[in-house]
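**Student:** Chains A and B, in that order, give the protein sequences.
Under this note's numbering, the first residue of the first sequence is numbered 1417, with each subsequent residue one higher.
Under this note's numbering, the first residue of the second sequence is numbered 1417, with each subsequent residue one higher.
Hints are not guaranteed to be accurate.
Identical copies carry no separate label here, and so any pair may be met within one copy or between two of them.
Stated by the list, open to error - Derived SDA-like pairs (lysine to any residue); straight-line CA-CA distance at most 20 Å:
1. 1657 <-> 1556
2. 1468 <-> 1667
3. 1641 <-> 1683
4. 1468 <-> 1666
5. 1657 <-> 1685
6. 1641 <-> 1578
7. 1468 <-> 1687
8. 1423 <-> 1658
9. 1468 <-> 1683
Keep in mind the hints are simulated off the structure, nothing from the lab.
Protein chains: 2
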Amino acid sequence: MEKGDRKRPIGVFDSGVGGLTVLRALRSQLPAEDFVYLGDTARVPYGTKSAKSVTRYALQAARVLVDRGIKQLVVACNTASAVALEALEAAYRPLPVVGVVEPGAEACCRLSVTGHVAVIGTEGTIRGGAYQRAIRRFRPDARIVARPCSLFVALAEEGWVRGELVEAIVARYLEPILGGGSPTRPDCLVLGCTHFPPLSDAIRSVAGAGVTLVDSAETTAVAVKNGLEIAGLLNAGGEGKTHFLATDGIARFCRVGEIFLGEPISPETVELVDL
Amino acid sequence: MEKGDRKRPIGVFDSGVGGLTVLRALRSQLPAEDFVYLGDTARVPYGTKSAKSVTRYALQAARVLVDRGIKQLVVACNTASAVALEALEAAYRPLPVVGVVEPGAEACCRLSVTGHVAVIGTEGTIRGGAYQRAIRRFRPDARIVARPCSLFVALAEEGWVRGELVEAIVARYLEPILGGGSPTRPDCLVLGCTHFPPLSDAIRSVAGAGVTLVDSAETTAVAVKNGLEIAGLLNAGGEGKTHFLATDGIARFCRVGEIFLGEPISPETVELVDL
Chain A
1417 MEKGDRKRPI
1427 GVFDSGVGGL
1437 TVLRALRSQL
1447 PAEDFVYLGD
1457 TARVPYGTKS
1467 AKSVTRYALQ
1477 AARVLVDRGI
1487 KQLVVACNTA
1497 SAVALEALEA
1507 AYRPLPVVGV
1517 VEPGAEACCR
1527 LSVTGHVAVI
1537 GTEGTIRGGA
1547 YQRAIRRFRP
1557 DARIVARPCS
1567 LFVALAEEGW
1577 VRGELVEAIV
1587 ARYLEPILGG
1597 GSPTRPDCLV
1607 LGCTHFPPLS
1617 DAIRSVAGAG
1627 VTLVDSAETT
1637 AVAVKNGLEI
1647 AGLLNAGGEG
1657 KTHFLATDGI
1667 ARFCRVGEIF
1677 LGEPISPETV
1687 ELVDL
Chain B
1417 MEKGDRKRPI
1427 GVFDSGVGGL
1437 TVLRALRSQL
1447 PAEDFVYLGD
1457 TARVPYGTKS
1467 AKSVTRYALQ
1477 AARVLVDRGI
1487 KQLVVACNTA
1497 SAVALEALEA
1507 AYRPLPVVGV
1517 VEPGAEACCR
1527 LSVTGHVAVI
1537 GTEGTIRGGA
1547 YQRAIRRFRP
1557 DARIVARPCS
1567 LFVALAEEGW
1577 VRGELVEAIV
1587 ARYLEPILGG
1597 GSPTRPDCLV
1607 LGCTHFPPLS
1617 DAIRSVAGAG
1627 VTLVDSAETT
1637 AVAVKNGLEI
1647 AGLLNAGGEG
1657 KTHFLATDGI
1667 ARFCRVGEIF
1677 LGEPISPETV
1687 ELVDL
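The shape of chain A in the complex, shown without the other chains (with noise of 0.2 Å):
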């Protein structure tokens, strides 16, 4: 790419409002970009859906980015990146795309003292395993338990996240995984759907200090700071905006988004796509 590129926005895709979350910690991580948010909510969720699919919608709101001129190419949705990265950077090329699974593994290990770690997430993701063979690339002697936990989507989405009962909930989930004072107890806990975020207060009152979370919203921002800076195309001159972009209900997304996304959402800038 050319010296000119560096102008153009952060393409950023997400099967829903989860993704937002990735946004909020990239807009953190890089507040001189401008970025453009695709959440496919006309077919969320992605987590309970074939691999085959998940590849064909994201392949599909990648090309709607990829024609809005991205520089970049992220993919916040933790089914897609597990399923459909390796598709999309050979549909794309040379367009850099980072998932969110390689950085929360690599953040994972690099935390993990004991190499006992926990990774959960939706269906899909746990089912399909890319944590689980992210973090073994990264330490092939790592103890790993890994647990769906379906209801933290909605709960997060019904702006459940925190008291008595949520932190019930979240304890049903993870009591199993993280055990008791067992010296096989895992140190740190990836939460591998950027649905989770928001449940992080009270995912860490259940697990305790001594279990480190990895956020992969915030380990993915770092990892495409540093992509950007390494190929010379960090924009130190924009004016940070978002153009956000929805296949469905925009009234909703502006709703359920801002628990995501940690402020408003005005609807007249969200523009609705057909994919």
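Given chain A, work out where chain B should sit, using these hints.
**Tutor:** Relative to chain A, chain B alone:
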């Protein structure tokens, strides 16, 4: 339709596996009929999608069932019943089409003594107001409270259907609408989502003995039976076979579907279709 038509199967359509509770009730009411069930598992859930998208999906799904020669269409999805019924009737006339909203609303109005009733469902169903409108058609003086219970879908799919934690979640949703000993306390509660029947015991336990539960699946099955009888289309000599169609994820359809159908589903009986 002609007499030979009575041997044709009944088509049942849902956004996913929830409609299997309706199929279960239909098979119980009509054990000699054959069924074709289509679960649009690639695009589930409909509850959070726009009316326009849901109508388009419903028309596509119905097309597949019509091409299989059905004599009756049952829209087992509350969201699609709420927004797409007229479009379906217009598109496939003279095929009889029954949704789940009308029978549920009618039963609720018949069973309520006080006329104070409550409706729970997905976000899309409740916000769309179809149950509220249908109830007012049958009983203009009805006092209606309605609430989306978004977590119930995830609970049922996870198989978390009883116990203290489940009842605490149910109570958090129901207490604000069922009130305490208030004289305006509803005496009837419509389960306006096909995913909710597996949670009946927990809901009944929280609601208490003074509240009658209306299961749309049961009332719809009775309505279908009556309709076929009047039209002279009842099949007394069929084999009671069911053929399943799903738009994605056959393994998950069988595994999760079992919770809603109440019996195992063999993968060989499920055909993958593309809409």
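**Student:** State for each hint whether it applies.
**Tutor:** Here is what the structure says about each hint:
1. 1657 <-> 1556: Answer is neither: 41 Å inside a copy and 50 Å across each miss the 20 Å cutoff.
2. 1468 <-> 1667: between (29 Å within a copy, 14 Å between copies)
3. 1641 <-> 1683: Answer is neither; intra-copy 28 Å and inter-copy 46 Å both fail.
4. 1468 <-> 1666: between (27 Å within a copy, 13 Å between copies)
5. 1657 <-> 1685: Within one copy, since 10 Å is at most 20 Å while 51 Å is not.
6. 1641 <-> 1578: neither (31 Å within a copy, 47 Å between copies)
7. 1468 <-> 1687: between (27 Å within a copy, 16 Å between copies)
8. 1423 <-> 1658: Intra 13 Å, inter 58 Å, cutoff 20 Å: intra-copy only.
9. 1468 <-> 1683: between (32 Å within a copy, 18 Å between copies)
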